[in-house]
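Those protein sequences? They're chains A and B, same order as listed.
Just so it is clear: in the first sequence, position 299 is 299 by full-length UniProt numbering, and no numbers are missing.
Just so it is clear: in the second sequence, position 234 is 234 by full-length UniProt numbering, and no numbers are missing.
Please keep in mind that the hints were generated in silico from the structure rather than gathered at the bench.
Note that beta-carbon positions come from the ideal geometry of N, C-alpha and C, so glycine has one too.
Heads up, some of the hints might be wrong.
What the hints assert, rightly or not - Here are the computed lysine-lysine pairs in the DSS-like style, where the Cα-Cα straight-line distance is at most 30 Å:
no., chain 1, residue 1, chain 2, residue 2
1, B, K269, A, K356
2, A, K264, A, K362
3, A, K362, A, K431
4, A, K146, A, K443
5, B, K333, B, K243
6, A, K331, A, K528
7, A, K297, A, K245
8, B, K249, B, K169
9, A, K528, B, K170
10, A, K440, A, K428
11, A, K245, A, K331
12, A, K528, B, K249
13, B, K330, A, K464
14, A, K443, B, K249
15, A, K302, A, K82
Claimed, not checked - Quick partial rundown of chain A residues pointing at chain B, CB under 7 Å, derived from the structure:
no., residue
16, L422
17, H426
18, A484
19, Y541
To be verified - Some chain A residues well away from chain B (every beta-carbon gap over 12 Å; in silico):
no., residue
20, W42
21, L58
22, G77
23, Q87
24, P95
25, K221
26, S235
27, N304
28, H308
29, K428
30, E470
31, R508
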Amino acid sequence: MSKTETDKGQEQEDLGAAGSQLSTAPREEPLSAVPAMGVIGWLRWFWRQLTSMRIALLLLLMLSLAAIPGSLIPQSGADINKVAGFQQAHKTLAPIYDKLGLFHVYSSVWFSAIYILLFISLIGCIVPRAWQFVGQLRGRPPGAPKRLTRLPAYTTWRTTAEPEEVREAALKLLRRRRFRAHAEGDAVAAEKGYLRELGNLIFHVALIVLLVSFAWGQMYKSDGTKLMVEGDGFSNALPMYDDMKSGSLFRSDDLVPFSFDLKKFTGTYESSGPNRGTPRTFQATIDYSVGAYGKRKKTTIKVNEPLHIGDSKVYLVSHGYAPVVTVRDGKGRIVYRDAVPLLPLDGNVTSNGVVKVMDGYKNPQGKSEQLGFQAFFVPTFDPKAGTMMSQFPALLNPLLAVNAYHGDLGVDAGIPQSVYQLDKSHMKAFKDGKGQLLKKLLKPGDSMALPNGAGSITFEKDVKQWAGFEIVQEPGSVWALTGALAAIFGLAASLFIQRRRVWVRAVRGADGVTVVEMAGLGRSESAKLPEELGDIAGILYDQAPGAPDPDDPATPDPHVVPAEGAEK
Amino acid sequence: MTLAAATELATATNEHLASMSNTLIYSAMTVYTLAFLAYIAEWIFGSRSKVARTANALTAESRQQAGPAVTVKKAGGTAVLERPKVVVRAAAGARDVPDGPGAHGGDVQGDMYGRIAVSLTVLAFLVQLAGVVARAASVQRAPWGNMYEFSITFTTVAVGLYLVLLALKKNVRWLGLFLTTTVLLLLGLAVTVLYTASDQLVPALHSYWLYIHVSTAIFCGAVFYVGAVATILYLFKDSYENKLEAGIKPGSFATSVLERLPASASLDKFAYRVNAAVFPLWTFTIIAGAIWAGDAWGRYWNWDPKETWSFITWVAYACYLHARATAGWKGRKAAYLAMIAFACWLFNFYGVNIFVTGKHSYAGV
């Protein structure tokens with residue numbers, strides 16, 4: 001079977017037309033085609049390059065590379081303290097990192113530049129593709145190439161049926177198998193699997209939706225924390241927060257109006273076995289109402305189950321104990337009584353903190369003074385353990401250790417101060433009879449008297465718990481989720497659906513017997529393609545049964561090459 | 001019975017189950033070692049046969065004599081003989097090389113050892129599966145709370161996947177040796193370095209998302225892993241075929257081993273199918289993680305190291321899938337991308353847990 005060069009060229013052309021528009025994937029053009037024109041020429045060249053697959057691929061690679069430093073260098077968005085620690089430890093490196101934006105990689109200029117370019121490239125790619133796809137849907141599958149034998153899957157037989165009958169049967173059969181089919185000339189052309197292209201477009205559009213909603217959420221987000229002792233109330237307004245971070249376009253009236261009271265915090269822990277003390281459940285029981293005059297409703301917030309109110313979500317993020325403490329002056333007058341939230345130091349909730357009596361206290365000399373107490377608290381004290389550290393996170397045997405200071409707390413200076421630390425620069429410690437620092441271990445109900453009739457501090461029998469809440473508002477997350485789910489479905493469709501074409505040609509041969517030829521072409525070399533062609537051919541064969549070979553009925557079909565034909 | 005006594009008893013059973021699980025994992029490792037030796041035997045006996053299909057198809061003199069590159073596929077249905085046969089032709093420009101016969105190389109004894117190896121793999125898989133189940137029962141939750149548990153589950157799933165592909169009559173027996181080798185290495189690492197006593201989960205992990213997110217992550221990892229093995233073999237086989245085509249005679253060991261593997265095109269296609277099939281599931285894993293993060297940490301995306309690296313892995317695999325559809329990137333370049341992508345996955349699992357601290361740190365070393 002020798003062919004001339006022109007024959008081959010013709011064949012390529014035939015196949016080219018049949019294989020055209022099997023996908024809307026962009027065609028690759030050589031990169032070297034640099035124009036020698038003016039600004040517009042350059043812009044066009046730039047646009048062509050940006051929307052080419054090669055550049056999109058490079059941008060994707062760059063994006064994954066650019067994401068790496070953010071996972072290795074501490075990020076200010078995740079943990080500001082770690083960043084400060086890093087800056088302390090690396091005096092020369094830190095300023096360079098800071099200049100490069102390596103402490104906030106994911107909002108840095110260069111990271112943004114990569115993904116914005118990527119998404120422009122994406123849009124520049126999908127808009128023409130969508131347009132082309134619409135054109136393909138409105139058009140018809142291309143007609144049969146001249147030589148069907150050149151296609152990846154091919155079969156043929158001779159039949160007693162008329163060519164028209166065969167074509168009609170093929171058309172009906174292919175349409176029944178949900179091919180888009182039409183008869184053109186002596187052949188039927190059919191195509192199936194358009195959902196692949198649609199899925200591909202949906203996937204890429206969904207990515208854009210995802211990115212836009214993510215960016216939207218970043219700009220309008222707010223993220224604040226609030227520590228509440230059982231019985232405290234909170235209403236969602238800026239001044240109520242302990243700490244608040246927000247996006248650049250966030251305004252305080254964007255906050256969803258609601259309020260809630262913490263009624264009770266419950267923590268349960270494994271009580272025995274090797275995992276004694278491991279937390280089992282944390283939950284906060286709250287009363288909340290939406291809007292200014294909403295009805296109060298009772299609910300619980302757990303670690304994995306935040307409370308959703310509009311765009312706001314309320315998370316339970318931390319917990320601890322707040323022993324109730326009473327401070328009296330020398331005359332027995334109560335100058336302070338409150339639950340003091342203490343910060344946990346370990347898994348068994350050994351906690352510390354301070355009690356600050358800012359006003360109302362007069363010392364035995366009748367002078368106004370401030371008092372400060374350092375408090376160390378363990379929910380479960382075990383004298384046998386030989387340590388002050390708590391032995392269990394629940395309140396089994398609470399003990400409060402205090403020591404006391406008097407003087408100036410320094411809170412009136414206007415400098416912000418931690419409520420959990422005591423600035424002792426203007427404070428004097430109370431001493432016991434031996435001149436040692438005055439300190440005492442208090443059981444619930446116990447008191448410690450301050451020397452020389454300076455008053456007393458009492459650890460009341462009531463130990464409250466506190467819960468830390470994080471209130472997050474991030475609009476657009478529903479859209480992000482929708483985009484993400486659409487992306488999965490689009491992706492699955494574009495990867496699992498095969499787009500393929502089938503042609504059936506039926507013509508009267510030279511001896512007057514009808515010759516049927518069938519061929520299939522797919523975008524990828526799928527094993528399913530010949531299988532499907534075989535199935536269709538089988539069914540069609542039943543409707544157009546084979547005719548005996550005129551020359552020699554015993555010889556096998558000349559088109560069938562024995563298996564392993566490649567091996568000589 | 002008092003409550004304390006009941007808990008004590010429950011604890012005792014748990015510890016019993018945990019030690020049983022350890023015994024089962026060690027037993028599985030023993031059987032894997034035997035399977036490994038049987039695979040080795042298969043390869044050694046297979047080397048006696050002198051198959052040279054690839055060489056025949058690619059060396060200059062035989063290429064001239066070779067007929068048109070066509071093979072015949074049987075049409076479906078029972079009346080095969082009466083129905084027209086479909087002729088399949090390789091795409092223009094593609095190298096048409098027949099697949100190798102497999103590790104046994106057509107040698108009868110080799111084939112026997114191969115079958116023994118597969119049987120032993122099945123046995124090891126069942127023992128290991130029992131070990132994983134016992135571990136789950138001892139901790140009364142899904143057995144993927146820390147790296148040790150993740151490792152033993154991950155290798156079980158990878159071997160299970162291999163066995164399923166075998167059961168589906170896919171041509172994957174050549175994977176056996178490479179798979180058992182790495183499974184043994186991973187399990188060795190798991191029982192020595194990564195071992196953690198059975199433990200309960202912190203409240204942050206009490207969520208049904210644990211089952212969805214982590215199980216899909218493990219499954220995706222196992223599939224990516226099989227894809228990566230096929231990609232490495234593709235790279236070897238491809239350069240072997242390139243050498244033959246260029247008229248260079250490769251070394252005798254390379255010839256012996258690579259002649260028995262499937263054709264580079266088949267390996268490439270297998271790797272692509274495996275990776276492409278699981279890519280949407282990997283996308284889902286990340287999204288499920290984001291939904292869980294939204295419930296547990298307050299934000300659905302935190303750029304936590306684990307999240308970042310799943311994203312990097314995702315982008316790398318996306319690159320690979322795009323590259324494979326792009327002229328000029330097909331073949332070796334795309335395969336390198338697939339290897340990079342798998343390296344990202346590996347780093348995400350081992351590297352991030354060991355070197356980086358983040359919100360996933362409770363996954364434990």
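Against chain B, does K428(A) keep a CB gap of more than 12 Å to every residue?
-> Given that every Cβ of chain B is farther than 12 Å from that of K428(A), nearest at about 42 Å, it holds.
Interface-negative label, K221(A) against chain B, beta-carbon threshold 12 Å | Non-interface label on K221(A) violated, nearest chain B Cβ at 8 Å vs cutoff 12 Å.
For the pair supplied as a hint, K245(A) and K331(A), is the alpha-carbon distance within the 30 Å limit?
-> Between K245(A) and K331(A) the Cα gap is close to 46 Å, so the pair fails against 30 Å, i.e. violated.
Can we confirm that no CB of chain B comes within 12 Å of the CB of H308(A)?
-> violated (10 Å)
Regarding the pair K443(A) and K249(B), is the alpha-carbon distance no greater than 30 Å?
-> violated (87 Å)
Distance restraint between K269(B) and K356(A), which requires alpha-carbon spacing of 30 Å or less = violated (72 Å)
Is it correct that the beta-carbon of G77(A) has no partner in chain B closer than or equal to 12 Å?
-> violated (7 Å)
Exclusion check [W42(A) not at the chain B interface, CB over 12 Å] = holds (24 Å)
Does E470(A) really sit off the interface, with its C-beta more than 12 Å from all C-beta atoms of chain B?
-> E470(A) is in fact no farther than 12 Å from some Cβ atom of chain B, at 5 Å.
Find the nearest Cβ of chain B to the Cβ of R508(A) and say whether that gap is larger than 12 Å.
-> Per Cβ check, R508(A) is outside 12 Å of chain B; nearest 18 Å; holds.
With a cut-off of 30 Å on the C-alpha distance, tell me whether K331(A) and K528(A) pass.
-> With Cα atoms ~95 Å apart, K331(A) and K528(A) exceed 30 Å; violated.
May I ask you to test the interface hint for H426(A) with respect to chain B, counting a Cβ-Cβ separation under 7 Å as satisfied?
-> violated (39 Å)
In this structure, the hints that do not hold are numbers 1, 2, 4, 6, 8, 11, 12, 13, 14, 16, 17, 21, 22, 25, 27, 28, 30, in rising order.
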